[in-house]
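Q: Go ahead and model the full structure; you've got the sequences and the hints to work with.
Sequential numbering of the sequence shown, starting at 1, is according to the UniProt record's numbering.
Honestly, I wouldn't trust all of these hints.
[Said to hold, decoys possible] Straight-line distance between alpha carbons at most 25 Å, and here's what the computed DSS-like set of lysine-lysine pairs gives:
(1) Lys101 to Lys171
(2) Lys181 to Lys110
(3) Lys19 to Lys41
(4) Lys171 to Lys181
(5) Lys32 to Lys19
(6) Lys101 to Lys202
(7) Lys32 to Lys101
Calculated from the structure, these hints are not laboratory results. In this text the structure is predicted, and so the values were computed from the model without any measurement.
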Amino acid sequence: MIDWQAGEAKWRQIERILKEEITLGDFPSGEKLPTELVLAKRFGVNRHTVRQAIGALADADLVRVEQGRGTFVQEAVLDYNLSQRTRFSQNVSRKQKLPHKRLLEWEETKARGKVARNLQLKEGMPVLRLFSVSEADGIPVCCSESFLPGIRFEGLEEAFRETGSLTEAFKSYGIADYQRKETRITSHLPTARIAELLRQPKTRPILLTENIDIDMNGGVIETGFTSFASDRVQLIVGGI
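A: Following this line, the structure appears as structure tokens:
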């Protein structure tokens, strides 16, 4: 039985109880909370009261509500360094998390507009487009759309699929090292698909980076557009 305190709303007391349980580790980072119905039965209240408590926890960034999946304890924000040698696997691994990247789409297309300019290619020249989602400990961190010169990197999608790493795929094309030439950062609302892949509401802004990578001879090898979950990632410019 809950010893309700007079003069304080029940939802506020439920919020405090759940907050304490999260802080003590009864609900570990990333774990799914019981459903509204289960919590309503536990506290002897209606679901609306529970929903108010969950909403307050979400406003405090202690939990996140994923549409259709439930409520999860918020993970610690990942510091993501944007430097001359920005590597997803290194950024994630240094935080003792397991990195994983999945190739969702690839296609041979033609260089147009910004992609052509970034890759320093003529309009209409072949490019390879890769679309992937990257995770840390099974939690989606970002979605990336990468464009590479099609002639130079013909067939690279197979190496990427096998290794799950663009860095490793480049090695099979004789590129042992490469650098970030520039990164531009903006904030946008996600498309419905990006929101679904990142498991976040469509109303929550994402951090969008536009990058250009070059080989050690200064040749452009890739330009990309990466959508980061802004509540899970903190971008650090100039980090080592």
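Q: Now, for every hint given, state plainly whether the structure supports it.
A: Each hint, compared with the structure:
1. Lys101 to Lys171: 17 Å, holds
2. Lys181 to Lys110: Holds - the C-alpha atoms of Lys110 and Lys181 are around 23 Å apart, at most 25 Å.
3. Lys19 to Lys41: 18 Å, holds
4. Lys171 to Lys181: Since the Cα atoms of Lys171 and Lys181 sit roughly 19 Å apart, the hinted pair holds (cutoff 25 Å).
5. Lys32 to Lys19: Distance of about 14 Å is within 25 Å: holds.
6. Lys101 to Lys202: 22 Å, holds
7. Lys32 to Lys101: 23 Å, holds
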